[in-house]
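S.K.: Okay, here's what each chain looks like letter by letter:
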Amino acid sequence: MSESIAAPARIALVGNPNCGKTALFNALTGSRQKVGNYPGVTVERKEGSFVTPGGHRVQVLDLPGTYSLRARSPDEAVTRDAVLGRLAGETPPDLLVCVADATNLRLVLRLVLELKQVGRPVMLALNMFDIASHRGISIDTEMLSRELGVPVVTAIAVRRGGTADLLDRIDRIANGESLPTAAATWREPTRSEIAAAHREVERIIGVSVRPPARPDTWTARIDQILLHPVSGIAVLLAILFLMFQAVFTWAGPATDLIGGGFDALSALLAASLPEGMLRSLLTDGLISGIGSVLVFLPQIMILFFFIILLEDLGYMPRAAFLMDRIMGYAGLHGRAFIPLLSSFACAIPGIMAARVIDGRRDRLVTILIAPLMTCSARIPVYTLLISAFVPREQVGGIVNLQGLVMFGLYAAGIVSAFTVAFVLRRLFWRGEADHFIMELPSYKLPDPKNVLMGVLQRARLFLRRAGTIILSMMLLIWFLSSVPGAPVDATEPAINYSFAGMIGHAIQPLLAPIGFTWEIAVVLIVGVAAREVAVAGLGTVYAVAAGPETTGLLTDMLAAHWSLGTALAMLAWYVFAPQCVSTLAVTRRETNSWRWPVVQFTYMLTLAYIAAFITYRIAGAFGG
Amino acid sequence: MYRREYTEITSQDVAVAPVTLGKGTKGMRGTVIRVGAAEGDPHCEIGAELERRLMEIGFVEGASVEIIHEGFIRRDPIAVKLDDMRVALRRRDAEAILVRVAPSNGGSAI
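Protein sequence lines, in the order shown, are assigned to chains A and B.
Residue numbers for the first sequence follow this note's numbering, beginning at 1 and rising by one.
Residue numbers for the second sequence follow this note's numbering, beginning at 1001 and rising by one.
If we strip away everything but chain B, and leave its shape as in the complex, we get (with noise of 0.2 Å):
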């Protein structure tokens, strides 16, 4: 969703455009730069109650954040490596989480 949005500016921009950590894929690194929805995003309904979870186990602006591991169905959950944590979280959860992706990773968005 965001990556169409940004699809059109110069493919050094793409690399850093922003994406949800719920749609990238194994390696994909970067850092948080929102938790939850923007004011008056209509696309996402995300709950305060979802988004203080996150937040209370580390997910905040500026945590450094990369996949590490894909379930086996349909590559879920995920778990991430969080500043020097793991955390596991499903990719519906994970959509919660918008993040700036480091420029010359091995992954990217789906």
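Chain A on its own, in the form it takes in the complex (with noise of 0.2 Å):
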């Protein structure tokens, strides 16, 4: 049975993670790529075109890796539903490229018999095809696609003109070149299957490829110290000490610029419009809605730089190696270090980059507890506080109190994020412990165009999940803050009047017993936006004026008001409550259910009601 592909056609690149996959599509499809989501999963699905040197358009869709088409997470079955032409909404594809790393054969090729079985043309690029080259590794590719029964290319997809092979190669197939298709007998292999598997791989391997005369000495020289119980660690935490350095002072002037730039932009059209609705609907709903979506970015990009180059260095495999049995007493998987350390920015993209968890019990543990970790967010509300009430004093001579209660709410969050992991695994999932097996690949430099490509590539895709949430939950704040406006003869900010105003005061008695006055209150309502808006919304209940001085003022005026129990409770407070709704709105996309952002928002704000209750109270008996 044979078949050629009439154009446009449609290729999927399937291949065992870590093999190049997506640098090649990436040479391939340069700018011209798509991503989305698979309706009803929260796979990502990428798909790019390109236009052959032959004149033949090829649509190309670049799946999530496996090893095997038995789909264990949902990244997997995805793969696996679009090879097989199962997956709804998806036109499946006419051939499919697996990639291939060509310095590393075995698995994959086992991934190719498994592939010959679909029923479709399949085709093999060995990637990386230079490194292989360099280290001797000799690899017949006409013998290897005799005895695979494929063709066989060979790509090197960081070089300029890498792909040309390749191309050729779909080229002649577009023309009509018949390429030879198995009847579509896939079915999950058995036990002894996989053996017999690679038993035969084993053979081919033994015909047509020469090991190594060069091996990469490189990786185990690296490993000796990276994966070296004392030197590993050391240099985990170096890395760690470099991201968060990187994240929260790189990123400050770029966030400054970005913060007045929006300033300036509302004062300009504050002072162009006249006094009104849409003026205020303008400058304090949209721009500054915006304006506070934006000014997280340059921390982002700078996060997602950081892990993307330590991605394509091949070293987070190590990470989880590292880590995983200091979370595996929390019940966690190794690979939950990377989101939860991404939480530290912002919990979107650490709640995001849960989806390298395959074991699903893991994923959701580590979705959950992301927010718990301090966001960036949180710390404009901390240093107001703690610049307000806590003394700048040294302690034991050494230590400034100030820096030292800052890092107690931080150790605070982690604390709490590791107690809520182990109750969660107790509670609900006792016993059920996933596997962690991993591959760890070999160290590769990586392409900074690819990096580039996909920091860019987050930047959009925060952009458009949180920036559309984030704006309309502003825009609806704003309404609640201004509608109705004040009476004529209003006494106090207008705020006080405002639905906002009204529902401060309707739950003021439940938030009387962890001593939150009915301002607070409202502050808690406008910050349920995002945590930092709390801040503004401070400025607002007390008539603050706002402007350069308004964290001054606004420290002089909160000392002023508030109890020190009051403020405990509220730094209490904000190390656990729900205070963003971009975060449940993430969570419930990635779980493709409410229950679980019901069940974080829940937690969590039962957690901060004790912590703020209790807080509270110990300093009342200290006379606070």
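The reader is advised that the hints may include incorrect statements.
Claimed, not checked - Chain A side only, calculated, beta carbon under 8 Å to chain B, not exhaustive:
#1 I194
#2 I233
#3 L475
By construction, these hints were calculated from the structure, which means they are not laboratory data.
Source: prediction; values computed, not measured.
Even for Gly, the Cβ is constructed at its ideal location relative to N, Cα and C.
With the hints as a guide, dock the two chains, each given alone in a separate frame, to form the complex.
M.R.: Listed below in structure tokens is the structure:
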């Protein structure tokens, strides 16, 4: 049986993790890419298109990496269903291009044997062929092709013109070259079939591949340091330190520029428009809404720059290896390390990054606890309250008390995250540990272009996903805090007469036991949109003029209005409170169910209330 | 567990007594002789899922293994050189892999 491909052809890239599939996808499609989601599942769908030298238009789908069509994670299920042509809303591919790391063929050849059973034409692309040649691995592609029964091409995704062989073959197929296609007989292989496939691969490698004359010794040498119990941990901590420094200091100027720019724009608009609802909507609602999304962009881009760089280097599985046991005490998977790390910048990319965890339970626990990591949006609130209430004293002559409190708040977040993970595991998923089995790929020098493309792609995704949610919430909050307007003879700030003010008064009795005034209740309402909005909210309710000196004035105002107990309770509240609708919305997206955001919201709110209550009472007992 | 069954035999045989990969120490080298529980072995309740995942990543009968790194807490997880690749796994999962230890190797069973 044979068939030829009619234009426009649809090809799907399949391969093991770390085979350079994404680099090949980038090399083929350049910037003509579309990133979205498969309908109904939260797996990222990457599609692009290109025109071959022969003038054929080709659409290419980049499928999640897998070792087998027997799917375990949602990602792998998408790959299986896509190659089988069972994926709803997806046209079945005309050609499966299996991408291989030419230096590491064993597992991908077994995948090729599986792919041959799905009843579609299959082609094998030996990527990183230059590295293989450099190491003296000699691959007889003719023999390999004959033994596998599929065409074999070579590719060097990171080099200009490195896809010529692949494109040429696609042209020949598009021009009518027929490919042998077996009948569709795929089903999940049994234990003995997997073993038999491995033996077959062993035989094929034996006749077509000569082992490396100059094997990769660098990976082993680097691992001597990076996986070493002492130096490995030291390097990991150094990398984390550098990342934190970068996220919080390099991003500073860009963040200030964006924040300042939007303030200026808002001021400009305020000066040129007449006083009224429209002006308020544009400046306080729309512009500050867009601004509050964009200020996070520099931090998120820097964070993803590091994460993608470390991923491309091949370091991430090593970090998971080093952290697995520590994380394991809390019932977490080693791979949860990266999502939780990202959550220090913002829980949204953290929750999105939890996709790398293939066990469903491990992934859910990680998503649920990610918002407990101190995200950068809490920093303005922490800074304000600490500078208003914590004296600038030295403890023991060396440690700054304010810094100590800040550190304590970070530590409280981490400890509570691990405790919650531990409890969730004990309560709901007792004893059902997922497995930790992970390939440690060879180290590779990252390709700058691929890193850049990855960072830009993440930035676009963040803007689209978080941006739309934050912006719409900001507009809603604007509405609640501006409507109805203040009466003519108003004696209090306008917000006190609005819906937000009414709700604040209504819920105040609930918050009285934790020392919160009705003004704080109003702030909590506006702060639901995003945590840092609370600072601006406090400014509004205490009728402090907005401007660069706001923080200073607000500090004095709070110190005069609040007791120490209230301030400390507010800090405790902010460690736990689910004060971020975007996080809940992303949890909803990523888990594809309302159940988990509800669980997340409920447990965080409960913890926040308990923590604030205890803090307020203890402070009260000490005369706060 | 396996070692105990074989220790009463001659010292030559001890060197080649099969152990599970999960009990090996750094430097242990050998060949995989079985993945998953033997038929009717009441000691090991190893799921079919774990067995197939191990096989998919290359732990099959005849594969050569060497423990090259150990974690810093309780020497867990372990990094294993598996043929020409490297794989990290927890000792608990590595219990499912029975290895014939190569004679004259640096490491041994715990």
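S.K.: Run every hint past the structure and note whether it holds.
M.R.: Consistency of the hints with the structure:
{"no.": "1", "hint": "I194", "result": "5 Å, holds"}
{"no.": "2", "hint": "I233", "result": "6 Å, holds"}
{"no.": "3", "hint": "L475", "result": "47 Å, violated"}
The structure is inconsistent with hint 3 alone, although it conforms to all the rest.
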